[in-house]
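Engineer: If you read the sequences in order, they're chains A and B. For my numbering, count along the first sequence from 1 and bump the result up by 176. For my numbering, count along the second sequence from 1 and bump the result up by 7.
What the hints contain is simulated information worked out from the structure, not anything from laboratory work.
Chain A regions said to be covered by chain B (calculated; three or more residues, Cβ under 8 Å):
| # | stretch |
| --- | --- |
| 1 | 221-230 |
| 2 | 261-272 |
| 3 | 276-284 |
Here are the computed distance ranges between Cβ atoms for each label pair:
| # | chain 1 | residue 1 | chain 2 | residue 2 | range |
| --- | --- | --- | --- | --- | --- |
| 4 | A | Leu222 | B | His17 | 23 to 31 Å |
| 5 | A | Ser190 | B | Gln25 | 47 to 55 Å |
| 6 | A | Leu222 | B | Gly63 | 16 to 24 Å |
Sample of chain B residues lacking proximity to chain A, with all beta carbon distances greater than 10 Å (derived):
| # | residue |
| --- | --- |
| 7 | Ser14 |
| 8 | Ile19 |
| 9 | Lys20 |
| 10 | Lys37 |
| 11 | Asp69 |
| 12 | Ala87 |
| 13 | Ser93 |
Glycine included, each C-beta is placed from N, C-alpha and C at the ideal position.
Residues per chain are reported as follows:
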Amino acid sequence: AQSVTQLGSHVSVSEGALVLLRCNYSSSVPPYLFWYVQYPNQGLQLLLKYTTGATLVKGINGFEAEFKKSETSFHLTKPSAHMSDAAEYFCAVRSNDYKLSFGAGTTVTVRA
Amino acid sequence: DAGVTQSPTHLIKTRGQQVTLRCSPISGHKSVSWYQQVLGQGPQFIFQYYEKEERGRGNFPDRFSARQFPNYSSELNVNALLLGDSALYLCASSLGSDRAYGYTFGSGTRLTVV
Numbered sequence: 177a178q179s180v181t182q183l184g185s186h187v188s189v190s191e192g193a194l195v196l197l198r199c200n201y202s203s204s205v206p207p208y209l210f211w212y213v214q215y216p217n218q219g220l221q222l223l224l225k226y227t228t229g230a231t232l233v234k235g236i237n238g239f240e241a242e243f244k245k246s247e248t249s250f251h252l253t254k255p256s257a258h259m260s261d262a263a264e265y266f267c268a269v270r271s272n273d274y275k276l277s278f279g280a281g282t283t284v285t286v287r288a
Numbered sequence: 008d009a010g011v012t013q014s015p016t017h018l019i020k021t022r023g024q025q026v027t028l029r030c031s032p033i034s035g036h037k038s039v040s041w042y043q044q045v046l047g048q049g050p051q052f053i054f055q056y057y058e059k060e061e062r063g064r065g066n067f068p069d070r071f072s073a074r075q076f077p078n079y080s081s082e083l084n085v086n087a088l089l090l091g092d093s094a095l096y097l098c099a100s101s102l103g104s105d106r107a108y109g110y111t112f113g114s115g116t117r118l119t120v121v
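Pulled out of the complex, with its shape left as it was, chain A reads as follows (with noise of 0.2 Å):
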């Protein structure tokens, strides 16, 4: 079985602030992990994926996360938002070959 927690439905952050949306997960097998964001009225765009290797992931946009076996965590960071992160955010797993099990997503609020 494998299932995604974010805490946290909405995040709002000054511009120029830290952006941490807080994902974990369960998974019977070693897991894949993957982070995608949504702006509205749009489909969901990649930002980062952990497979297997470095746990410290960089993604597009300058964000990144980092796996944690130990606290079956994968927390994305963004050093100084953006306008332009306003958006949904969405981690998501995957344990077996067929199926992403996604989180309920975290809203990002920028504030100017």
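Starting from the known structure of chain A, arrange chain B on it as the hints suggest.
Structural biologist: Frame of chain A; chain B shown alone:
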């Protein structure tokens, strides 16, 4: 290169009707998956097809069916529509079925059932 294309982008149906949604994967991608995203929730897995065979099915009723064609495009069919079927339906393609392959998602079809 064209991304994953879905059609139509929006449609409105009446309860009890049937609907067909279409998806064209990225050229060279042989796997297509379908997800349902209800407003305010994360996407839920419906089906995965690889090389025209069903590889996985989510927890959806038999009213939901899909198929993949020789050119790897796919259709999702939903019969006897219910109000609860109103959602954004996302199609995703990948090179293969192995979990290491990332998905590329289309922009979705917004289905409204009235």
